[in-house]
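Peer 1: Single-letter residue listing:
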Amino acid sequence: MPPPSFPSDITEDILQFLPVKSLVRFKLVCSSWRSLISSSQFRKTHFNRAFQNPKLSTHKALLSTPSGFMVLDPRKPFGDDGGTMVNLTFPLEREDGHLRIVGSCNGLVCLVLDGKRDFFLWNPSTGDCNKLPEACTPAGEWYVHGFGYDSSSEDYKVVLVTTYVHITTTGTGTLCRIEAEVAIFSLKRNSWRIFEEVNKVIRRLPRWDCDSFPESTFLNGAIHWINDIVGTIIAFDLASETTCEFQAASPRSGFFNMDLGVLGGCLCLIHDCYTDPYCVELWVMKEYGVETSWTKLCNLVNPDNALYGIDDFAWYDFYTTLCLCNSEDDAFILIRSRTELIRFNGRGEALEKVCICNYSDNCDGIAFVESMVSANDP
Amino acid sequence: MSSTTEIETHTKTITLKTADRKLFTLPEPVAMEFKTVKSFFDDNPDASSHTVVPLPNVNLGELEKISFCCEAQLDFRSRGESAKDESKAQQKKFLKQQTNDELKSLILAANYLDIADLLNVLNQEAADRIKNKSVEYVRRFFGIENDYTPEEEAKVRAENAWAFEGVDPDSDVDPDEDVMMN
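Order-wise, the sequence lines are chains A and B. Oh and the first sequence: position 137 is 137 in the numbering used here, straight run, nothing missing. Oh and the second sequence: position 26 is 26 in the numbering used here, straight run, nothing missing.
Because the hints were derived from the structure by calculation, they are not lab data. There could be a bad hint or two in this list.
[Unchecked claim] For lysine to aspartate or glutamate, the following DMTMM-like pairs were computed, each having C-alpha atoms within a straight-line distance of at most 20 Å:
# : chain 1 : residue 1 : chain 2 : residue 2
1 : A       : 76        : B       : 165
2 : A       : 21        : B       : 170
3 : B       : 65        : B       : 86
4 : A       : 286       : A       : 259
5 : B       : 133       : B       : 159
6 : A       : 21        : B       : 128
7 : B       : 65        : B       : 75
8 : A       : 21        : B       : 165
[Unchecked claim] Beta-carbon label-pair distances, calculated as ranges:
#  : chain 1 : residue 1 : chain 2 : residue 2 : range
9  : A       : 49        : B       : 46        : 36 to 44 Å
10 : A       : 44        : B       : 116       : 15 to 23 Å
11 : A       : 35        : B       : 83        : 15 to 23 Å
Don't be surprised by glycine CBs; every beta carbon is placed ideally from N, CA and C.
Excised from the complex, chain B in its bound form:
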């Protein structure tokens, strides 16, 4: 075993254990962006950076993506105002690549890991994807059952007819497979 201790903080890493029993190692500053991880160390003062942090509610796939996002954001933040546009563009590019299902999984993961900024960005993206969609599309997206009677539904539609105009037509594509095209 090497006798060197981790003097430079940027090489200090944390190891996480995911729900699918995988180990994932990432730089400490990135791991500390996850409030859940930070709380683990706050609550366990005896734990060292070698202690594996159990995260039973997130899978490796989501963790890797989230870690990638957070690391990029940390990097942009350290470069200050000038990197703001680049940071937004990178985030936009990343989000576009996620299917609806992938986006939803990321939201749940970011919520569990308690990363407020990232969660906000993901929620805004979800809102942007659904805002011009039909009621049926949104029900499928959220996995919600319609509990209106046909009469009630007709009444609500009639009272707010203007809100039902100009809505994107539902395509044949399953919304779980949807990817933003532009």
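Bound conformation, chain A alone:
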């Protein structure tokens, strides 16, 4: 007896129960399955279901090095030379240069060509990729950018803050004026617009020098940047388009190399302290926006000490956050000096380490969730 064939709505219902990896593979079953799985309605329904059940979602990390992209499954050990990491090819044609990671949200990663304003949205799980139209503000001296989801309008947004330096020569000398302009991109409208209210808080965004890449963190509907000179966090809420500023961890002098991330659904901060003894601390803001809720999670034990018995922290070390591996044992992965991945346990002890790019290269990394969200049509 031939196998009974299903009506299409049953097939669709079964497919909705599948994880992202299976759906990507089953596009190959036949062309009508490919159309169904790629359809806007299917993707939306699948994402909404997954959003209601976060425990069923798979979290990965995307690493961007000048020689290409890799995907890491944080639940797996790194393996020799990072053998468990998977190389991924960026699907679109683009100019040469390092694609830097701006942010990630709902499975979409926003990237920008280093030093330029060419933005891309990419879903590394499905391969969906979209080059955004050119920003409506002119090129400037420094850029600060962020990416996130505005749930009030069901729209993905990119924020670009450009700093301009105007130098005028007068009779007595030169005058240097610094200005900032903000442009916001809406994926729904597929266009940029100028954001007029460039207020005092926005002007306090860090003005990075050309070697440093300003990272942003999306959480609770807002994009966050850290000003590590002053030790504050600036948050831009995407729905209300308002800014606010709050203290980063405990106010103390001697902070350097701060980075912001998300661990266990909370803002987390890593910074080193040139106190005596030198140390690197990991803090978590247990209650969002409540400055008094900053709690120290642990001091990092020098990984070289734990792994190789070397005692001194190298002065050039700095850490950027990557992801939480496993909520059961509080392990987390950090990127050190943009060249190595190190997995730590909840007590800050290094468990394993792998080198992912040369010292002179720059590696960005970000956690993302496997999802069916489209990079073209939200």
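Starting from the known structure of chain A, fit chain B onto it as the hints suggest.
Peer 2: Okay, now just chain B, sitting in the frame of chain A:
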């Protein structure tokens, strides 16, 4: 003929006539879980519980299994929260015993009888059975012909190479005969 009328509702039964011309009698509350049956009585106000309901799209085998599942679920539901784990375990045990072909027949039957909860459970089971399988396995399971050219197929595989790793190897067993072993 007995002069007693069916006073106690739990003894009230409904009789169904299947596609293979068999008659199947089941308690009324269970039969009413089948929206198709309920609609029959809603649309035919003159029908009594003695009226045989024609179900030309389901065979006796599937009907018996589905009736068994629904009756068990009704029973667990009446016992409240405490029976939840037992209910899940019983369902799991039942599903494990079905071959792929049997599962597919149950899905079609549950769809025809319009039993939303059961259909969801059966569809989830089908998804769990195929999620780590190869593309070829899934084509056989659904009876689908491959309409990709070899070039197109190679392209899709290359673009999404990661999704093709760690897939269960296809055994020699015909997927129609497969039964979950664990």
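Peer 1: Now, for every hint given, state plainly whether the structure supports it.
Peer 2: Right, here's what the structure says about each hint:
1. With a C-alpha separation of about 15 Å, the suggested pairing of residue 76 of chain A with residue 165 of chain B holds against the 20 Å cut-off.
2. The straight-line distance between the Cα atoms of residue 21 of chain A and residue 170 of chain B is roughly 18 Å, inside the 20 Å bound, and the hint therefore holds.
3. As the CA atoms of residue 65 of chain B and residue 86 of chain B are separated by approximately 18 Å, the hinted pair is consistent with the 20 Å bound.
4. The hinted pair formed by residue 286 of chain A and residue 259 of chain A meets the criterion: a straight-line CA distance of about 17 Å does not exceed 20 Å.
5. Between residue 133 of chain B and residue 159 of chain B, the direct Cα distance comes to roughly 19 Å. Compliance with the 20 Å bound is thereby established for this hinted pair.
6. With a CA separation close to 13 Å, the supplied pair residue 21 of chain A and residue 128 of chain B stays within the 20 Å bound.
7. Distance restraint check for residue 65 of chain B and residue 75 of chain B: the Cα-Cα separation of roughly 15 Å lies within the 20 Å cut-off, and the hinted pair is therefore satisfied.
8. Note on residue 21 of chain A and residue 165 of chain B: the hinted pairing holds, with a Cα-Cα distance of about 10 Å set against a maximum of 20 Å.
9. A hinted range of 36 to 44 Å for the beta carbons of residue 49 of chain A and residue 46 of chain B is consistent with their spacing of about 43 Å.
10. A hinted range of 15 to 23 Å for the beta carbons of residue 44 of chain A and residue 116 of chain B is consistent with their spacing of about 21 Å.
11. Between residue 35 of chain A and residue 83 of chain B the C-beta distance comes to about 43 Å, which lies outside the given range of 15 to 23 Å.
When held up to the earlier numbered hints, the structure conflicts with hint 11 and nothing else.
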